[in-house]
Amino acid sequence: MRKQFVQWAKKREKAEITEEGLDRDSLSDREKTARWRIGFAAGNIYHVERWHQMEGGRAFYNGDIAELINQNTPDSLRANQFETLRTSEVPVRVIIGDHDLADFGLVSWPAVADTLENVEITTLEKAGHNAWIDRPGKFRDAIRRALHASEE
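With full-length UniProt numbering as the guide, the letters of the sequence shown map in order to residues 1 to 152.
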């Protein structure tokens with residue numbers, strides 16, 4: 001699934017860079033930042049044309065470090081996170097975009113949910129990892145439902 005996600009994101013990134021006129025070699029620093037932000041947005045939001053809403057830039061994110069962390073996080077630590085959820089009495093509420101890079105294809109969370117007692121997954125269609133940018137109204141509604149459920 002990771003390979004499919006990367007292909008999907010790269011295609012969208014290329015189209016948006018072309019649309020913005022940033023598909024040339026000579027770019028100003030501001031244009032280089034915009035081009036980087038489009039690439040970052042392509043992996044994090046479904047509606048890449050909303051890349052202007054993605055705050056920050058290269059100074060705040062290092063993809064190489066993120067990849068190293070992911071490669072070097074032992075499976076036992078990841079499994080421990082889910083074991084903690086299994087043994088907790090706290091309700092688990094997951095809000096995830098159907099194009100989220102963390103679980104592209106929605107495979108992992110549904111499998112984890114099958115092992116939990118008090119879990120609810122809300123899937124937002126046409127939304128990525130930063131679902132509040134893609135589907136702000138639906139995201140707010142999901143947050144409200146999750147908070148309301150925790151009061152019961």
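Hints are supplied without guarantee of correctness; some may be wrong.
[To be verified] Heads up, simulated EDC-like pairs for lysine to aspartate or glutamate below, C-alpha to C-alpha not over 16 Å straight-line:
1) LYS14 / GLU49
2) LYS3 / GLU49
3) LYS10 / GLU55
4) LYS11 / ASP23
5) LYS32 / GLU16
6) LYS3 / GLU125
7) LYS32 / GLU13
8) LYS126 / GLU151
9) LYS126 / GLU49
10) LYS138 / GLU117
11) LYS11 / GLU49
12) LYS11 / ASP29
13) LYS32 / GLU20
14) LYS138 / ASP103
15) LYS10 / ASP23
16) LYS32 / GLU19
17) LYS11 / GLU31
[Said to hold, decoys possible] Pair ranges (Cβ atoms, derived):
18) LYS10 / PHE82: 41 to 49 Å
19) PRO110 / THR73: 20 to 28 Å
20) THR115 / LEU27: 43 to 51 Å
21) PRO91 / ARG24: 48 to 56 Å
22) ILE121 / ASP75: 16 to 24 Å
Just so you know, the hints here were simulated from the structure itself, not pulled from any lab data.
Note that CB positions come from ideal geometry on N, CA and C, so glycine has one too.
Against the structure, the hints:
| no. | hint | in the structure |
| --- | --- | --- |
| 1 | LYS14 / GLU49 | holds (12 Å) |
| 2 | LYS3 / GLU49 | violated (22 Å) |
| 3 | LYS10 / GLU55 | violated (20 Å) |
| 4 | LYS11 / ASP23 | holds (13 Å) |
| 5 | LYS32 / GLU16 | holds (14 Å) |
| 6 | LYS3 / GLU125 | violated (21 Å) |
| 7 | LYS32 / GLU13 | holds (14 Å) |
| 8 | LYS126 / GLU151 | violated (29 Å) |
| 9 | LYS126 / GLU49 | holds (13 Å) |
| 10 | LYS138 / GLU117 | violated (25 Å) |
| 11 | LYS11 / GLU49 | holds (13 Å) |
| 12 | LYS11 / ASP29 | violated (24 Å) |
| 13 | LYS32 / GLU20 | holds (12 Å) |
| 14 | LYS138 / ASP103 | violated (19 Å) |
| 15 | LYS10 / ASP23 | holds (13 Å) |
| 16 | LYS32 / GLU19 | holds (15 Å) |
| 17 | LYS11 / GLU31 | violated (20 Å) |
| 18 | LYS10 / PHE82: 41 to 49 Å | violated (30 Å) |
| 19 | PRO110 / THR73: 20 to 28 Å | holds (21 Å) |
| 20 | THR115 / LEU27: 43 to 51 Å | holds (48 Å) |
| 21 | PRO91 / ARG24: 48 to 56 Å | holds (51 Å) |
| 22 | ILE121 / ASP75: 16 to 24 Å | holds (22 Å) |
The structure does not agree with the numbered hints 2, 3, 6, 8, 10, 12, 14, 17 and 18 stated previously, though it agrees with the rest.
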